[in-house]
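A.B. asks: Dock chain B against the given chain A, drawing on the hints supplied.
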Amino acid sequence: MLSLRLLRVLLPPAERDEILADLESEYRERRARNGRLASARWLWLQILGSGPALVRRTWWRGNSGFDSSSNSMNPGGPQMERWIVEARFALRRLRTRPTYTALSVLTLALGVGGMAAIAGIVRPLLVNPLPYPRDNQLAMFWAPGSWHSREFITLRPQWTGFAAVAAYRPEDVTVEVDGAPTKFVPGIASSTELFDVLGVQPRIGRGFQAGEDGQGAERVVILSDALWREMGADPSIVGKPLRLDGIPRTVIGIMPRGFWFPDPAARVWLADNLNPTGRSGIYSLVGRVAPGQSVSNMQPVIDRATQLLGSLYTYPPEWDRTKNARLTPLREHVMGGMRPALFATLAAMAVIMLIACANVAALMLGQVESRSSELALRSALGADRGRIVSQLVMESLVLGLVAGLVGTLFAVAGFKVLRGALPLGAWSVSPALDWTLFAAAMIVAIIASLAVALLPAYSVWRSDLRAQLSGTRAGGKLQRRGGLQVFVVVGEVAAAVLLACGAGLLMRSVTNLYSIKPGFDTHGVAVVDIATPNMRRLARREVLLSIVREISSLPGVKAAAVAQKLPLRGNGNSGGIVVPSAPAGVPSTTFFRVGSKDYFKALGIPLLSGRSFDGSERTDTANTELAIVINEALAKTYYPNINPIGQVTGGAFGMAERIVGVVGNVAEANLTDPSAPVRYYLTEQSPFALENQTLVIRTTRPQDAVSIIPSVRAAIAKAAPNVAIQEATTMQHVFDRAVGPARDVRTLLGMLTGLALLLGAIGIYGVIAQFVARRAVDWSIRVALGLAPSRVVSLVVGHGVWMIVVGIAVGVGAALTLGRFLSALLYGVTAADPIAIIGASIALLTIGIVAALIPAIRASRTDPALVLRKL
Amino acid sequence: MNDETPLGTFEEQVMLAVLRTAGDAYGMVIRREIEEVTGREIAVGAVYATLDRLEAKKLVASRRGDVDGMSRRLFAVLPAGARALAESKAMRERLWRGVDLRGLLGATT
Numbered sequence: 001m002l003s004l005r006l007l008r009v010l011l012p013p014a015e016r017d018e019i020l021a022d023l024e025s026e027y028r029e030r031r032a033r034n035g036r037l038a039s040a041r042w043l044w045l046q047i048l049g050s051g052p053a054l055v056r057r058t059w060w061r062g063n064s065g066f067d068s069s070s071n072s073m074n075p076g077g078p079q080m081e082r083w084i085v086e087a088r089f090a091l092r093r094l095r096t097r098p099t100y101t102a103l104s105v106l107t108l109a110l111g112v113g114g115m116a117a118i119a120g121i122v123r124p125l126l127v128n129p130l131p132y133p134r135d136n137q138l139a140m141f142w143a144p145g146s147w148h149s150r151e152f153i154t155l156r157p158q159w160t161g162f163a164a165v166a167a168y169r170p171e172d173v174t175v176e177v178d179g180a181p182t183k184f185v186p187g188i189a190s191s192t193e194l195f196d197v198l199g200v201q202p203r204i205g206r207g208f209q210a211g212e213d214g215q216g217a218e219r220v221v222i223l224s225d226a227l228w229r230e231m232g233a234d235p236s237i238v239g240k241p242l243r244l245d246g247i248p249r250t251v252i253g254i255m256p257r258g259f260w261f262p263d264p265a266a267r268v269w270l271a272d273n274l275n276p277t278g279r280s281g282i283y284s285l286v287g288r289v290a291p292g293q294s295v296s297n298m299q300p301v302i303d304r305a306t307q308l309l310g311s312l313y314t315y316p317p318e319w320d321r322t323k324n325a326r327l328t329p330l331r332e333h334v335m336g337g338m339r340p341a342l343f344a345t346l347a348a349m350a351v352i353m354l355i356a357c358a359n360v361a362a363l364m365l366g367q368v369e370s371r372s373s374e375l376a377l378r379s380a381l382g383a384d385r386g387r388i389v390s391q392l393v394m395e396s397l398v399l400g401l402v403a404g405l406v407g408t409l410f411a412v413a414g415f416k417v418l419r420g421a422l423p424l425g426a427w428s429v430s431p432a433l434d435w436t437l438f439a440a441a442m443i444v445a446i447i448a449s450l451a452v453a454l455l456p457a458y459s460v461w462r463s464d465l466r467a468q469l470s471g472t473r474a475g476g477k478l479q480r481r482g483g484l485q486v487f488v489v490v491g492e493v494a495a496a497v498l499l500a501c502g503a504g505l506l507m508r509s510v511t512n513l514y515s516i517k518p519g520f521d522t523h524g525v526a527v528v529d530i531a532t533p534n535m536r537r538l539a540r541r542e543v544l545l546s547i548v549r550e551i552s553s554l555p556g557v558k559a560a561a562v563a564q565k566l567p568l569r570g571n572g573n574s575g576g577i578v579v580p581s582a583p584a585g586v587p588s589t590t591f592f593r594v595g596s597k598d599y600f601k602a603l604g605i606p607l608l609s610g611r612s613f614d615g616s617e618r619t620d621t622a623n624t625e626l627a628i629v630i631n632e633a634l635a636k637t638y639y640p641n642i643n644p645i646g647q648v649t650g651g652a653f654g655m656a657e658r659i660v661g662v663v664g665n666v667a668e669a670n671l672t673d674p675s676a677p678v679r680y681y682l683t684e685q686s687p688f689a690l691e692n693q694t695l696v697i698r699t700t701r702p703q704d705a706v707s708i709i710p711s712v713r714a715a716i717a718k719a720a721p722n723v724a725i726q727e728a729t730t731m732q733h734v735f736d737r738a739v740g741p742a743r744d745v746r747t748l749l750g751m752l753t754g755l756a757l758l759l760g761a762i763g764i765y766g767v768i769a770q771f772v773a774r775r776a777v778d779w780s781i782r783v784a785l786g787l788a789p790s791r792v793v794s795l796v797v798g799h800g801v802w803m804i805v806v807g808i809a810v811g812v813g814a815a816l817t818l819g820r821f822l823s824a825l826l827y828g829v830t831a832a833d834p835i836a837i838i839g840a841s842i843a844l845l846t847i848g849i850v851a852a853l854i855p856a857i858r859a860s861r862t863d864p865a866l867v868l869r870k871l
Numbered sequence: 001m002n003d004e005t006p007l008g009t010f011e012e013q014v015m016l017a018v019l020r021t022a023g024d025a026y027g028m029v030i031r032r033e034i035e036e037v038t039g040r041e042i043a044v045g046a047v048y049a050t051l052d053r054l055e056a057k058k059l060v061a062s063r064r065g066d067v068d069g070m071s072r073r074l075f076a077v078l079p080a081g082a083r084a085l086a087e088s089k090a091m092r093e094r095l096w097r098g099v100d101l102r103g104l105l106g107a108t109t
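Those protein sequence lines, which keep their order, are chains A and B. Numbering (the working numbering) for the first sequence: 1 to 871. Numbering (the working numbering) for the second sequence: 1 to 109.
Looking at chain A on its own, in the form it has when it is part of the complex (with noise of 0.2 Å):
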């Protein structure tokens, strides 16, 4: 009976027989009298009522060791007690040997905080990281945010195989709340079908509906959960109107806490007004398989697609919107990008966690040895072996517990690090600290424990302890031991190897990107991004215009600029260019830039040639000439022979184009672009004014750039009052960012290589301490015999180098192997640069021969009387 067995467990063996038949009997006298079911009801009454007081019988016993005289012939308490017992025994005996005990838990939480903190960072990303339902049926379509509206609008009805395709695409707005000041919000712009596509209803109110997103449609809105609530989360919001970019539109929905698309950046979406015969590349499409279908049977549905794309476009052959159509998984997508740093960190969490039981793991093998004769002693008065492992697991267990307490500290600390450290762009608000990182902690702190005491109860099973009982007082070189240790440590140390060259790898990596000179001077430079809704052009220019007085008349202000694109941050615009006399085969378009008057000045980009905008430009609406200033890699390709200053040029703007100067090329798009010509317009003259905007200033103490930045903003708040503010920050931050995910990464692994290397010294010193102590005697009669004591040092150490060597071998062949999985992140070396490699372990030679200096000087000095007298 399932009732009985339940007891059974909380009974000692002695008594179990008697009582469970003493039971059983009664339960069938009143089954008899009473029926079926008052004695089933009676019988669980018995086995409920009795367990507390059991579970505490056996907890006093556990901690009393009473047992019965009845017992004498059979006794011990149920397994329980024996648990009991065994922890009561490691905690005492943890509690002879502190330091021992107090390394053990210190390098065993170290492990466990940081792998519960990446746990903890990884699982909300990797393991479960889109709020739609059945997110394996969505899909992004390739080219994404390169599609027109005329082909989405084409292909709309050809969709066969998919529930629903939708097209989107950013679009940041304004929001204006009376009396608030104008927030800036970004968000997306989409045709109806997105939330269906997603599998996702807005929460209050409803979602688009067809016909939503055509031209003349009532504008709507749907907001998320955040942004309702920081606007008064008022549900009857809902069919109210509100200003977006100063357009009124209509809310209809509220979306539910924790959804986003495309990114937890976005807080609102537009149903967009699609132009049947839109040419700009801005949107990308997502689609969710129809049920039964799978993303990657696809293919049929999108080649008809192309061809029908081909069929009715003409594409130019770096845009053929044709070729390469394929499907990608929404997941994929999304979190494609931080997959290498997140994985790159598990990694290295992982290669601690494995060092940091090692450690522990030698650490007790070391323990078990010094033991060797009392665990024989016991052995000879009659505990088995198993009872002296499961001691050797209690022990451990104990331990793993205590570490995973301290661990959760750790991991608490790690979390926030990690989170901030890591490039996780907008999903940094995904991971959110709470008690699974707890409960991380704790099975990362077991499952450790229960390795570590793997390879001490491997060598006391194997081992034959009586033999050690008579050969214990023999010291010397009688047995072999350490075997285990040595390898444990060479393991190690091979385990801090790997880490130091990825941590080599990457800081390399990073040293090469930082070395790309960007053409601007970075420091002291203040970057804030501005939003200028509804104006018209020449309004625009003039806003813009006097901000830049506003803050270029700030102190401590050297010079401020208005640009529309800011280098290091995405292509910009591109325009027209004819040049009459530029070799053949030249692109016909460049880039071209929009900055007012200081920008160069603001951003520190060199005048080569020629003069920099001064003022001096016609700015009435009469003019017919602009003034450019070109970069150097303009001047060489279009005018490679002849001085370009003065030459007249066009194909942007429809209006002739004068050369007044050159400067040297900057980093367009990103930092390991080659130069790209560019052609510089003055916001001033500019017939074309974007609205988002970034102004630029230049301080004149380069420590000032981000103590500026208040005053910037009470200087365009009263410029002009319905400027958005998007982002402040540094040019030199910016110029981090274009860095990208290598540099945080690299400062992570520095940090857990800096640990790694820690825990190994702290393994190569336990070892050999130990080492030095179990030939104490031997060294001892060496010694008497006249054996200089620096030998002592130099055999102590060869024996520390040789293990350090072997693991560094075995440490640069996984390097090796592994680095390519690095190769996502790195820039300029390859995975087996020998640089990474030489250093990595030369760092660790260093440190493991320091390590074994210490017991090394101190075998070298015992005085062999001493150590004799004992034998």
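In case anyone wonders, no lab produced these hints; they're calculated from the structure. Just so it is clear, CB atoms sit at the ideal spot from N, CA and C, and this is done for glycine as well.
Not everything, but these chain A residues come out facing chain B in the computed CB check (under 10 Å):
id : residue
1  : L23
2  : I47
3  : G49
4  : R56
5  : F66
6  : S68
C.D. replies: Frame of chain A, contents of chain B only:
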């Protein structure tokens, strides 16, 4: 737990039941005895746990013995246990002395 600790109510009941069933006092019998006299249902685990505690306090002793052909753990009250019971009873009587419940209980007595 020292010998000075006064007996708990349940401990007292268990020891009295051991005395009442003298001879073949084992767990199940003790349980039934208490149930019959007090009319309360008692879990056998609680009886055994209490017996263990009493034995650790050296108030009862246990030995192995055969009852109806089955080996049982049989309990007997030790002199120290008897003293504890007597003390417990005396203490109760001292407490009762001078207590008159008649007014509170009213007409029923």
